Amino acid sequence: MRHWFLLPINLITLFFLFFVVVSAQKDPTHEEIMEERMNYYLKFESVLVPWYYLAAVDQFERNIQQVRNDIPNKEGIIALQFTKDYWVGRLNPNKDDTSPESIAFFAGSGLDGNGDGYANPDDDEDVLFTMATFLSGYGKSEEDFVLALRDYYKREETVNQIITIANLYKHFNTLDLNEHAFPIPVSHNYSYQGTWGDKRGWGGRRIHEGTDLFASYGVPVQSTSYGVVEELGWNDYGGWRVGIRDNHNTYHYFAHLAYFNKSIKVGDIIEPRTIIGYVGNSGYGKKGTSGKFPSHLHYGMYKDNGRTEWAFDPYPSLRLWERQDKDAGL
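Under the numbering used here, the first residue of the sequence shown is numbered 391, with each subsequent residue one higher.
Everything labelled a hint here was simulated from the structure, so no lab data went into it.
Pairs of lysine-lysine residues, derived as BS3-like cross-links and limited to a Cα-Cα distance of at most 30 angstroms, are as follows:
id	residue 1	residue 2
1	Lys464	Lys474
2	Lys677	Lys655
3	Lys560	Lys652
4	Lys655	Lys530
5	Lys693	Lys560
6	Lys655	Lys676
Quick list of the computed label-pair ranges, beta carbon to beta carbon:
id	residue 1	residue 2	range
7	Thr523	Asp626	45 to 53 angstroms
8	Asp588	Glu533	39 to 47 angstroms
9	Lys676	Glu426	52 to 60 angstroms
10	Lys716	Pro684	21 to 29 angstroms
11	Pro490	Trp586	44 to 52 angstroms
12	Arg545	Gln714	33 to 41 angstroms
13	Ser492	Lys655	49 to 57 angstroms
14	Leu432	Phe495	28 to 36 angstroms
15	Ser606	Asp512	53 to 61 angstroms
Here the structure is a predicted model, which means the values were calculated and not measured. From the three backbone atoms N, C-alpha and C, an ideal C-beta is built for every residue, glycine too.
Produce the complete structure using the sequences and hints provided.
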């Protein structure tokens, strides 16, 4: 009886080990996912639609799916997804139609991208081919791409975000732009704590939308991500400030600077750890006001979800990037 009792346990153990091994073999690495994704973009790019345009639209869709509850997270390598009415046609009675012929009859936009005879909205190749075809109908210039995005998304902030992503992918010629850095080189002396939500009074009652990092006047401030310089100048609240937008729909805000890196200008594409300015105490007044508080960097993060932009607490990200930079001996 004892042996009969042990047999099921052994079978369960073997099944569990088999499942773990198979699962481990099937889970692709980050590098493999990036490579497969790039292969899709290269397959469906054309003279009219370069790969980085397709990649930028796809990345924007991935970004908003991660922060929106009203749209599903699309499974697969490609994040692009279309509404059923857009795919099969608004008057099509079959909202799950995958026939290219009947979809075309009802003026739907879904296409067969791999020649299997189906226009499947869950097929990465069909989805990418459909988007590539839509974009190519407008022409090959960046102005044509902008017009296509305006017609499709009908929101200027979305258009600007996608153009930013496309320019980053084009400039660096890679999808893997996920590296981050702590905003102050960790070799310097500094201190900070979570101050998100604290009360602020200058300019009216409000909450603190960021984290204050205290350091000596003139300590370098560096970019925390890959991105495009979107703002550089004076703000009555933030003083001399820099705003950088990355490929994850995040706007990085660096405020109260003493002065900027003179080689940086609006529109520049920069990398993590690019020196953008220096710690100061500017702000809380008209242009040039300084000295109303101790020298520090105000660092804020804002997320665009395709509808609106909102601030979120940067403190957890700062702790992570600080630890990574220290572990790397930077």
